[in-house]
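Enquirer: Please put together the full structure from these sequences, using the hints given.
The primary structure of each chain is shown beneath.
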Amino acid sequence: MALTKSDIVAKVHELGFTKKKSIDIIEGLLEIIKRELEEGEDVLISGFGKFCVKNKKKRRGRNPATGEDLMLRKRRVVTFKCSGKLRNKINHPEQSDN
Amino acid sequence: MNKLELIATLKNEANISKAEAAKVVEIFFGNMAEALSEGERVEIRGLCSFFVKDYKSYIGRNPKTGEKVVITPKKLPFFKCGKELKERVDY
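Chains S and D, in that order, give the protein sequences. The opening position of the first sequence corresponds to residue 3 in this note's numbering, with each subsequent residue numbered one higher. The opening position of the second sequence corresponds to residue 32 in this note's numbering, with each subsequent residue numbered one higher.
If you're looking for bench data, these hints aren't it; they were derived computationally from the structure. Think of the CB as a built atom: it goes at the ideal place given N, C-alpha and C, for glycine as much as any other residue. Zero decoy hints are in this set.
Covered by chain S, according to a simulated footprint, are these stretches of chain D (three or more residues, beta-carbon under 8 Å):
| # | region |
| --- | --- |
| 1 | 35-44 |
| 2 | 49-56 |
| 3 | 72-80 |
| 4 | 100-111 |
| 5 | 114-122 |
Simulated crosslink set (EDC-like; lysine to aspartate or glutamate; CA at most 16 Å straight-line):
| # | chain 1 | residue 1 | chain 2 | residue 2 |
| --- | --- | --- | --- | --- |
| 6 | D | K114 | S | E33 |
| 7 | S | K13 | D | E57 |
| 8 | D | K117 | S | D44 |
| 9 | S | K7 | D | E65 |
| 10 | S | K13 | S | D26 |
| 11 | S | K87 | D | E65 |
| 12 | S | K13 | D | E51 |
| 13 | S | K76 | D | D121 |
| 14 | S | K76 | D | E118 |
| 15 | S | K7 | D | E57 |
Expert: Structural data, given as structure tokens:
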């Protein structure tokens with residue numbers, strides 16, 4: 003079982019918003035995060051982690067399945083750096099309070 | 032953008048109070064953290080997915096001093112960028 007968007011929407015619904023409003027709020031939140039990253043801005047969430055935009059240079063790569071040489075073009079990707087707090091929570095779940 | 036700016040932007044765009052926006056942001060990241068700490072996967076369509084990866088103990092090196100250090104087994108969340116986000120961020 004994986005945690006999905008609908009689980010989060012259900013939790014927001016519990017705050018007293020209608021189902022539709024809860025969906026709109028979560029879609030709105032996701033849109034803000036995506037837009038920010040699209041504009042090349044990092045998104046820092048204290049206690050959770052940092053979503054960073056990184057510029058990757060063009061480089062030679064290889065198709066791991068076929069072993070074929072190929073050129074990877076210059077591109078922009080999103081990376082995630084886990085915060086110390088989240089890392090502790092994952093490694094020692096019994097010690098965390100919430 | 033940090034968490035406070037995210038809350039302020041959500042408040043304005045979703046037309047909810049600041050306290051409500053703060054709760055929503057807390058629910059969003061809090062539930063993801065909770066799921067990961069229980070070893071559960073997280074899948075947010077269009078944004079990203081996470082799963083917890085187990086790393087075995089290994090001998091690493093302090094990159095500054097070159098000294099050998101034993102790295103104890105650890106778990107880390109592995110981030111995978113969603114399709115929509117990937118396409119929007121790339122040139």
